[in-house]
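Peer 1: Listed below, chain by chain, are the residues.
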Amino acid sequence: MHAGQYLFLETRAVKPSHDVLLVGGGGAGLRAAIAIAETNPRLRVAVVSKVYPMRSHTVSAEGGAAGVIAADDSLDEHCYDTISGGDWLSDQDAVESFVREAPQELTRLEHWGCPWNRQADGRIAVRPFGGMTKQRTWFAADKTGFHMLHTLFQTSLKYTSVVRYDEWFVTKLLVDEGRVCGIVAIELMSGRIETITAGAVILCTGGCGRVFPFTTNAAIKTGDGMALAYRAGAPLKDMEFIQYHPTGLPFTGILITEAARSEGGYLINKDGYRYLQDYNLGKPEPKPVFRTMELGPRDRLSQAFVKELQKGRTIDTPYGPMVHLDLRHLGETLIDAKLPFVRELCQKYQNLDPVTELIPVRPVVHYMMGGIHTDIDGATPLPGLYAAGEAACVSINGANRLGSNSLPELLVFGARAGRAAAEYASTAPDPKSSIGVQGKEEEERLETQFRRKRTAGERIAAIRDVMQKTMEESAGIYRSGESLGRGAAALRALQERSAGVVIEDQSRTFNTERVAAIELSFMLDVAETMINAALRREESRGAHQRTDFPARDDERFLKHTLVYRNPDGSCRVDYSPVTITRWPPAERVYGGGAKR
Amino acid sequence: MDVARYRPEESEDVTFDRFEVPYPKEWVVLDGLNYVKDQLDGTVSYRWSCRMGVCGSCGMTVNGEPKLTCATFLADYAPGPVRVEPLRNFPVIRDLVVEIGDFMRKLASVKPWIIRGEEKPVSAGEYLQTPDELDAYKQYSMCINCMLCYSACPIYGLEPTFIGPAAIALAQRYNLDSRDEGTEERLDILSQHEGIWGCTFVGECTEVCPKHVDPAGAIQRYKLTASMAWLKSFVVPRGAGRKEEAAGAEQ
Chain A
2 MHAGQYLFLE
12 TRAVKPSHDV
22 LLVGGGGAGL
32 RAAIAIAETN
42 PRLRVAVVSK
52 VYPMRSHTVS
62 AEGGAAGVIA
72 ADDSLDEHCY
82 DTISGGDWLS
92 DQDAVESFVR
102 EAPQELTRLE
112 HWGCPWNRQA
122 DGRIAVRPFG
132 GMTKQRTWFA
142 ADKTGFHMLH
152 TLFQTSLKYT
162 SVVRYDEWFV
172 TKLLVDEGRV
182 CGIVAIELMS
192 GRIETITAGA
202 VILCTGGCGR
212 VFPFTTNAAI
222 KTGDGMALAY
232 RAGAPLKDME
242 FIQYHPTGLP
252 FTGILITEAA
262 RSEGGYLINK
272 DGYRYLQDYN
282 LGKPEPKPVF
292 RTMELGPRDR
302 LSQAFVKELQ
312 KGRTIDTPYG
322 PMVHLDLRHL
332 GETLIDAKLP
342 FVRELCQKYQ
352 NLDPVTELIP
362 VRPVVHYMMG
372 GIHTDIDGAT
382 PLPGLYAAGE
392 AACVSINGAN
402 RLGSNSLPEL
412 LVFGARAGRA
422 AAEYASTAPD
432 PKSSIGVQGK
442 EEEERLETQF
452 RRKRTAGERI
462 AAIRDVMQKT
472 MEESAGIYRS
482 GESLGRGAAA
492 LRALQERSAG
502 VVIEDQSRTF
512 NTERVAAIEL
522 SFMLDVAETM
532 INAALRREES
542 RGAHQRTDFP
552 ARDDERFLKH
562 TLVYRNPDGS
572 CRVDYSPVTI
582 TRWPPAERVY
592 GGGAKR
Chain B
197 MDVARYRPEE
207 SEDVTFDRFE
217 VPYPKEWVVL
227 DGLNYVKDQL
237 DGTVSYRWSC
247 RMGVCGSCGM
257 TVNGEPKLTC
267 ATFLADYAPG
277 PVRVEPLRNF
287 PVIRDLVVEI
297 GDFMRKLASV
307 KPWIIRGEEK
317 PVSAGEYLQT
327 PDELDAYKQY
337 SMCINCMLCY
347 SACPIYGLEP
357 TFIGPAAIAL
367 AQRYNLDSRD
377 EGTEERLDIL
387 SQHEGIWGCT
397 FVGECTEVCP
407 KHVDPAGAIQ
417 RYKLTASMAW
427 LKSFVVPRGA
437 GRKEEAAGAE
447 Q
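Going down the list, the protein sequences come from chains A and B.
So in our numbering, spot 173 of the first sequence is number 174, and the numbers just go up one at a time.
So in our numbering, spot 41 of the second sequence is number 237, and the numbers just go up one at a time.
Simulated from the structure, these hints should not be mistaken for laboratory data.
Among the hints, erroneous ones may be present.
[To be verified] Just a few of them, taken from the derived set where beta-carbon distance is under 10 Å, the chain A residues facing chain B:
(1) V60
(2) Q105
(3) P116
(4) D122
(5) F154
(6) I221
(7) P251
(8) G254
(9) E505
(10) Q507
Note that the structure is a prediction, hence the values are computed from the model and not measured.
Every residue, glycine too, gets a C-beta built ideally from N, C-alpha and C.
Put together the whole structure using the sequences plus the hints.
Peer 2: The following block contains the structure:
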């Protein structure tokens, strides 16, 4: 009798702590939180973030957010630009929904107070952007992400059903018979480890640029959500597609926005020559021309840099080869009105003034086209688990994202994931009380791994450096079967070495060393999925350029890569079809050639 | 580099550890700290993220002044030692990490969101706002919540109930926004905080602000707005003024 009662208690259902729990408080997470609160104010929403939400990396986005609004523009043209920009790997049903909903989402943000730049009559102003046929990029000077994030965060404060766990670091997803029903997280301030149950979990943790040595990404972009989903059994999709932004500042990797080119900036080599004209991107004109030269897509511009380097036409600097971005002809008035942050960043970090001087730039890792495999509503194959924003792969970005599509993406799919998760959570069965056992196990794992001092071994930073170097050398702008093979072996070895890293900090209070060690383990998992996906894609498409397979191969590879984690930690690679609706695969043409 | 250490689990005392760090001309104070953490002592705790002066995480006290450490060059302090301490006026959690929950609560209390009597549907399009109307509040919308102004504020140091420079600047950001109708609601909240009248416009907050938000200016304008509202309350019934009260302070 007693035993029976005991068993009953162990397996009974318990009311989850929250109905929907978001991991990540950036643009996608906050948009999702507001969507849930507006869908059903009775739902208890939690935002768990390893930083205060306004520190999230959305804050660094600069150039703008695409949404059809101009009288001469059309949804179909935005679709076509996105699909051709993505080298036909985008799911076209997702692109159509995205393009349709983007202007509504951007308008909603306007209603919430976002300080969008305006035309003289008070209507929204738009600017051109790379790979786009029309002016459709909304902007708040060149701090668009900053303003969007603060608008979302400040607006979120009015919803009392949203509670926040600021500076809580998630280490594991709780999975019960394939269903995700909560998380385990460390409260950084106290070091307390807690199991938090939820009807549904949405991962909005952003990208993982920190896997590479030279990136625009903030220190926090370590692929946490991707690794959490992957370990829980969800596949990561199209991880081989890594975007290099063509214009990063030397040493810091600070982004100089594409808007600098859309406002009329030139890219020139060491001879002052606008070299993009040699790479099938059209003829140089004094003023910017849509889908031409400096307004070509990012993958093609970054690839052109490598070719210039091979021809010996780049500029040597202590921080490697560079080209120049020339804004001098734009004049001080335009730069201050539309690119003030570019000027501020150049003055503060590069000690130069773009009004009178050339800006040294080079390609820099910027964005992950791939991510957690989701459908059009942000649902992953695991019941109860959703993802949105850069952490997810819907996919609208295909093999190469167009600039200014990521900000509306996190609004459109953040909102969609929020609504879908809210609906799921309101009917989902309560988690079993036995889920607490998983939480305890994770707590013990963390305690045993980090509560002992370990002075022998390699430092966290040392392993991180080798990983980053490995990724750049094996999976950079151009890769080959050989380079990727070497990278795969190196990463496997690093996984083993990382188990014995030096741990100096035993304290519970704000232990950032423990966070760094766990982030490193997340990054190593994500890096392995990139290499394994890239190794098997024997073609060149968008941002994935194989020197040993230089052509696109629709016959074999017009499909998404899905990487699953095997129980032993190795990768299993599978594929899924690409959805084509109205735009059959065609040649990608830039520089004024035939368009459709 | 002398780094303040506070490890509450070990001792209540604040001590300083001295580290030798390189200082090439591109290195900022934050690079020095990262060098320490990566190469010398993994237990040093501090916050940082974007390294481009926009996330607001890495504010610390550098040689006595509140600074964003990602935008403060080491070479400017050569040959050192440069002294790195947590931001002042906040409880310290550990080493260089301070507790900012007080600000987070104060920020929410000023209702930093658009308040309107009537919302128009998204399908009706954007609210018109001319470039001049945008300029009226734009400066106050640039606050990155880095807390340097609270750290520099002599009033906040003495009177922790003072709502503080950034929160007032952000309240004004919405008060001055042509789309907003919440000035009166915010006035009621701000007026409850006596601390604001203690602000003597010494302007330290504006001086240390890395984004030129000018919180001191916001506070002075707010005081004027509040006084006008107070005077007006004798003449006109509340609610009749609204937007004009905020705009009135500008003239």
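Peer 1: Decide, hint by hint, whether the structure agrees.
Peer 2: Hint by hint, here is what the structure shows:
1. The restraint placing A/V60 at the interface with chain B holds, with a minimum CB-CB distance near 5 Å, inside the 10 Å limit.
2. Taking 10 Å as the C-beta cut-off, the interface hint given for A/Q105 holds, the closest approach to chain B being about 5 Å.
3. About 5 Å separates the beta-carbon of A/P116 from the nearest beta-carbon of chain B, less than 10 Å, and the hint is met.
4. Because the closest C-beta pair between A/D122 and chain B is about 7 Å apart, less than 10 Å, the hint holds.
5. Annotation: A/F154 was flagged as interfacial toward chain B, and the flag holds, the nearest CB pair being 9 Å apart, inside 10 Å.
6. Interface hint status for A/I221: upheld, as the beta-carbon distance to the closest one in chain B is roughly 5 Å, under 10 Å.
7. About 8 Å separates the beta-carbon of A/P251 from the nearest beta-carbon of chain B, less than 10 Å, and the hint is met.
8. For A/G254, the suggested interface contact is upheld, since its CB lies about 8 Å from the closest CB of chain B, less than 10 Å.
9. The interface hint given for A/E505 is met, as the beta carbon of that residue sits about 4 Å from the closest beta carbon of chain B, less than 10 Å.
10. Here the hint on A/Q507 is kept, as its CB sits about 9 Å from the closest CB of chain B, short of 10 Å.
Hint violations for this structure: none, all hints satisfied.
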